[in-house]
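Trainee: Taken in order, these protein sequences are the chains called A and B.
Using the working numbering, you'd call the opening residue of the first sequence number 1 and step up by one each time.
Using the working numbering, you'd call the opening residue of the second sequence number 1 and step up by one each time.
No wet-lab data here; the hints were simulated from the structure.
Some clues are possibly wrong.
[To be verified] Below, simulated DSS-like cross-link-like pairs (lysine-lysine); rule was C-alpha separation at most 30 angstroms, straight line:
1) 80/B / 34/A
2) 317/B / 62/A
3) 27/A / 372/B
4) 105/A / 162/B
5) 45/B / 27/A
6) 201/A / 259/B
7) 317/B / 63/A
8) 197/A / 259/B
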Amino acid sequence: MKPFITHTGIVAPLDRANVDTDAIIPKQFLKLIKKTGFGPHLFDEWRYLDHGEPGMDLTRRKKNPDFVLNLPQYEKASILIARENFGCGSSREHAPWAIEDYGFKVILAPSFADIFFSNCFKNGLLPIVMPSQIIDDIFAAIKLNTPYTLTIDLENQHVILPSQEKINFEVDAFRKHCLINGLDDIGLTMQHSECIKQFEKNYYEINSWLL
Amino acid sequence: MQPKTLYEKLFDSHVVREEAGTYLIYIDRHLVHEVTSPQAFDGLKMNHRPVWRSKSILAVPDHNVPTTDRSFGISDPISKIQVETLDDNCKHFGITQFAMNDIRQGIVHVIGPEQGSTLPGMTIVCGDSHTSTHGAFGALAIGIGTSEVEHVLATQCLILKKFKTMKVSVDGKLNKGITAKDIALTLIGRIGTAGGTGYAIELSGESIRSLSMEGRMTLCNMAIEAGARAGMIAADDVTISYIENKPFSPKGEELEKAKVYWKTLHSDQDARFDKTIVLNGHDILPQVTWGTSPEMVVNIDGMTPDPKKENDPSKRKSIEDALSYMGLESNFPINKINVDKIFIGSCTNSRIEDLREAAHVLKGKKIAKNIKLALVVPGSGLVKLQAENEGLDKIFIEAGFEWRSPGCSMCLAMNADRLSPGERCASTSNRNFEGRQGQGGRTHLVSPSMAAAASVYGHFVDIRTLN
Ligand code: SF4
Numbered sequence: 001m002k003p004f005i006t007h008t009g010i011v012a013p014l015d016r017a018n019v020d021t022d023a024i025i026p027k028q029f030l031k032l033i034k035k036t037g038f039g040p041h042l043f044d045e046w047r048y049l050d051h052g053e054p055g056m057d058l059t060r061r062k063k064n065p066d067f068v069l070n071l072p073q074y075e076k077a078s079i080l081i082a083r084e085n086f087g088c089g090s091s092r093e094h095a096p097w098a099i100e101d102y103g104f105k106v107i108l109a110p111s112f113a114d115i116f117f118s119n120c121f122k123n124g125l126l127p128i129v130m131p132s133q134i135i136d137d138i139f140a141a142i143k144l145n146t147p148y149t150l151t152i153d154l155e156n157q158h159v160i161l162p163s164q165e166k167i168n169f170e171v172d173a174f175r176k177h178c179l180i181n182g183l184d185d186i187g188l189t190m191q192h193s194e195c196i197k198q199f200e201k202n203y204y205e206i207n208s209w210l211l
Numbered sequence: 001m002q003p004k005t006l007y008e009k010l011f012d013s014h015v016v017r018e019e020a021g022t023y024l025i026y027i028d029r030h031l032v033h034e035v036t037s038p039q040a041f042d043g044l045k046m047n048h049r050p051v052w053r054s055k056s057i058l059a060v061p062d063h064n065v066p067t068t069d070r071s072f073g074i075s076d077p078i079s080k081i082q083v084e085t086l087d088d089n090c091k092h093f094g095i096t097q098f099a100m101n102d103i104r105q106g107i108v109h110v111i112g113p114e115q116g117s118t119l120p121g122m123t124i125v126c127g128d129s130h131t132s133t134h135g136a137f138g139a140l141a142i143g144i145g146t147s148e149v150e151h152v153l154a155t156q157c158l159i160l161k162k163f164k165t166m167k168v169s170v171d172g173k174l175n176k177g178i179t180a181k182d183i184a185l186t187l188i189g190r191i192g193t194a195g196g197t198g199y200a201i202e203l204s205g206e207s208i209r210s211l212s213m214e215g216r217m218t219l220c221n222m223a224i225e226a227g228a229r230a231g232m233i234a235a236d237d238v239t240i241s242y243i244e245n246k247p248f249s250p251k252g253e254e255l256e257k258a259k260v261y262w263k264t265l266h267s268d269q270d271a272r273f274d275k276t277i278v279l280n281g282h283d284i285l286p287q288v289t290w291g292t293s294p295e296m297v298v299n300i301d302g303m304t305p306d307p308k309k310e311n312d313p314s315k316r317k318s319i320e321d322a323l324s325y326m327g328l329e330s331n332f333p334i335n336k337i338n339v340d341k342i343f344i345g346s347c348t349n350s351r352i353e354d355l356r357e358a359a360h361v362l363k364g365k366k367i368a369k370n371i372k373l374a375l376v377v378p379g380s381g382l383v384k385l386q387a388e389n390e391g392l393d394k395i396f397i398e399a400g401f402e403w404r405s406p407g408c409s410m411c412l413a414m415n416a417d418r419l420s421p422g423e424r425c426a427s428t429s430n431r432n433f434e435g436r437q438g439q440g441g442r443t444h445l446v447s448p449s450m451a452a453a454a455s456v457y458g459h460f461v462d463i464r465t466l467n
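For reference, chain B alone in the conformation it holds in the complex (with noise of 0.2 angstroms):
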């Protein structure tokens, strides 16, 4: 037999149909929120279409809701419509939904891998672009737009080409403080924000293999900001792991004979790849974004770049469009920026572990005079609950943050948490795009524990060089 990519056999074990290189491709899960399912909602009852496979489906609104006490309700009048929309259109079609107050809410990339709707060999979508987070399980994950949602809902297949393959090896060991988070940023360094694009990138080697599920989740949930449709990780004893005894996941006899299939979800040794990339996890530093797109990334002992240097015009203009935006001099050290807000949260960097590597930096300390507003926002009420049960919140609050429920938030400012003019955050969200976080808002993408230190000193530092 031909040996295979994990994307290939992915791809190929959910092949409906093919013409002439678009196939329908057949989806087995289909995450669902408040913001890109209104329309799609629409369309289906506008034509008189069902859903095709409401089990298929599981909803939960996370862009809109609000962070802080929930009882008020939601108060800006448009975000409480699509909230409503959703609990309405799932009731509607019968659809599985963790509404605002179930202690289960929280992001959509958070909670379909924490109740074990993601399982490795799926095809899942979401209408999202950090569905790619999912590949994590081994599982081709990819984001979708409104008009797909909507055909997904109505045929439960999505129209597909093949994407072309990537694998990123990243070898040998990571040093002491080195996280997901700057594997990612240092990918897209390299790479830049479209070297992934028209790939579904594999990410492997010893550096990946060592990383908890919340790793590879971080990781694959990047991949969308190297350009890739889908990030993915092959299956291993970690995921598996990760995956017993989740309330959705397969029991029993079903999951020994999943466990066998699942076993097999890793790219065949002498498959062939259109690219094939290696970093060394050895080289790998903290990362700290300067500019406004992810690409824009240096190590925490380099400093932001000189447009002189730079030939290319386009390019250098893009360096001093980003300089000026995020108010920043060329050749600045990135070890002396001072930041005002600190937002520990989103899809990236929410999860129980980034939480706990947060906490450990903070445990005993105290966010620093300069810092106007620290922000955790855990990723759902079930993170939530469990950093309360380990007092991390206890650590956070002391610390001088403020203990958040779950949510998008400040990771793109829908909801009322967001930077205000010229404001400098440091942030372990997925993009500094302008405005992002607020208009006219400045956002610099680490880790979190990169992100607790700034809290604690008021400006970036070295992690390795913290106890």
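Same shape as in the complex, but just chain A (with noise of 0.2 angstroms):
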């Protein structure tokens, strides 16, 4: 994993509560077997008016011009921004690798579903959560002055509007370790095998039926 210490970028605003993670990556794209190659499947029914299967053709498919990702001053967003509940619905995982495949680092919305929130520290993709005043007044700020930046200090936990003013956010102390230095969890974890072990031992010796 690529560490995460600041990122500036512009934002996409998606201005829709409760994306749910059919939406973001749709289930025929689900039979792939690599992590990559998402990206140009992200909010598939959204950004094309045709149906999307895995395989086609992207130059010959007619794109949605009224969904944000399609216009062009968002052609290179990096940091999305959305309404409650961000990434509801099934646990997979291919949604934040579609959002991490698309380019985006890092999303901002007043609240999101739990698996998803833990999938994006998994995939060095930051996951923001924000009063919704502050939200709104980022999606107000982004109708009048297109393109909007945004930069995000991961390292002093904050998020810098064009103003220069800091907006503090809380992030777990254990997963900002993981995403500044790039650290996958399985490595960390097997840093600690003898302690699994020995308490393997102690516990099918209590519940030998497990055995």
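Starting from two chains that each stand alone, build the complex the way the hints lay out.
Mentor: Here it is as structure tokens:
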């Protein structure tokens, strides 16, 4: 995983609540067996006018001209802002893969669905929970001036507005540590493999029917 | 000793280590299917990591398998690759798998319990959000993402924080014809799809105790639709008698020893919950969802909502959007909604009791003329066999249903079973999101008996008014 320290990028406004994982990456794409290549199908049903299937020639598909990511000013967006309960629905990790593969690094929303939230961190994506009022303000500000750019300073836990105003955000210390150092969870846990073996020894002595 | 909730008992007994509120939790059972595992196995191979405890794993393909004649294999080349990749990975890592043509194949959340792989007191994970189903056994069962699947494969542990605890007590008796599905939808209607976010929900009370294991699984299965990471029900005699004599369950002395422990798997009398919700079982009526989220649900004698009556602009918009997607007017009576297709199946409602419930309604009846397709997809090969032994297949077929082979099928339309744009379905599955059962498809979630009744009348009817 690439370390995440600070990030500056254009913000794309997805003005919807309850964006579910089916919308983020429709199920026909879950059939792929690799972790990459989902980006072109992010929000497939909203982004294109025709029905998408894996392996289609993307250049021949008709894009939905009204969908936010198809507007030229958001072409290079790397920060996504949306309404409450982002990422609800299934636990499919293809959703953060698609978002990451598309090129987003940060998602801002008033709330996220639990599984999606934790899946983001595991894939180098930073989901930031912000009070609804601030989210409203950012949506309003984007309407007035695009491209609208934000800087995310993970080290200091700041979202820096174009006015240079800094807004604090919360992030779990462990997840922050992993993101900043680009550490993967398995490597971290393997450092405790003796501990796991010891646990197993005691555990199966008591719960022998599980052996 | 400090009184503990069931969740705390399960959590505490699996802590390998803790650091600043982040726990390494030991996992007893890992269920694996073809969709969320290939990338995890891929990751192991790339890093030359072995599987920590292959014995803890049970694998089965379910999402992509065809529900029609399988002797021709899978026609969709990509589905085929996923299923074959699972076969190869199981062989490579020495994992027990019920392959596509094994009689024991079925939906992962049906076969775990059916085989006795799901036991009280266990921590259970699967790369699928409906893993909460297994909580019905007094287990801590959590749906995980593919990175976590890889993590559990490699380390037998999951990194977790403690969830908050919510107790949902459904007191009193249920009325005739009311099922676990109606309880689940009532609860979601009450607390919303984000109401359980961050919580482990324990379901208790007289109505819950009176449910069979099948009903309890339906309920825990839907806990995730209320936003919870886990749903659970204390183990009792109903749990234990379900488990006895299953292929993988303990036997003899080990069973006796296990039972002593299992009987402790309930919340202590004075255990504290972060939140408590009380429902009265007697007040629960048959439920039908009208919109594109499970919380958009009403009683069968109700109507679609009127967005004009909603003051919150964002809620008003979601009601309008949902009505428009669903092709419904506001203030429209639920029992006047005609349906095109019927789907009885999914990990929510495809167990033997669900099929019995639907067959009971269908006996000697025929599906209405406006029904284009009615599908029954049993949850596993063994459920199918059992149903055939009881003659249920004949009741379904005579009524005009198609009797299919097990899999996820039209729950998420990853195989060939799906809705066409605009088609309306009475479905026993768990999600009514836009496009879930096929692009443009319109899903109404109901119990198996309500789906069966809708197939006979061609529109929703109140199951309580039928004999
Ligand atoms: S039946 Fe539906 S909800 Fe259940 S595991 Fe299959 S796809 Fe998921």
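Trainee: If any of the earlier hints don't hold here, list their numbers in rising order.
Mentor: Hint check: nothing fails, all pass.
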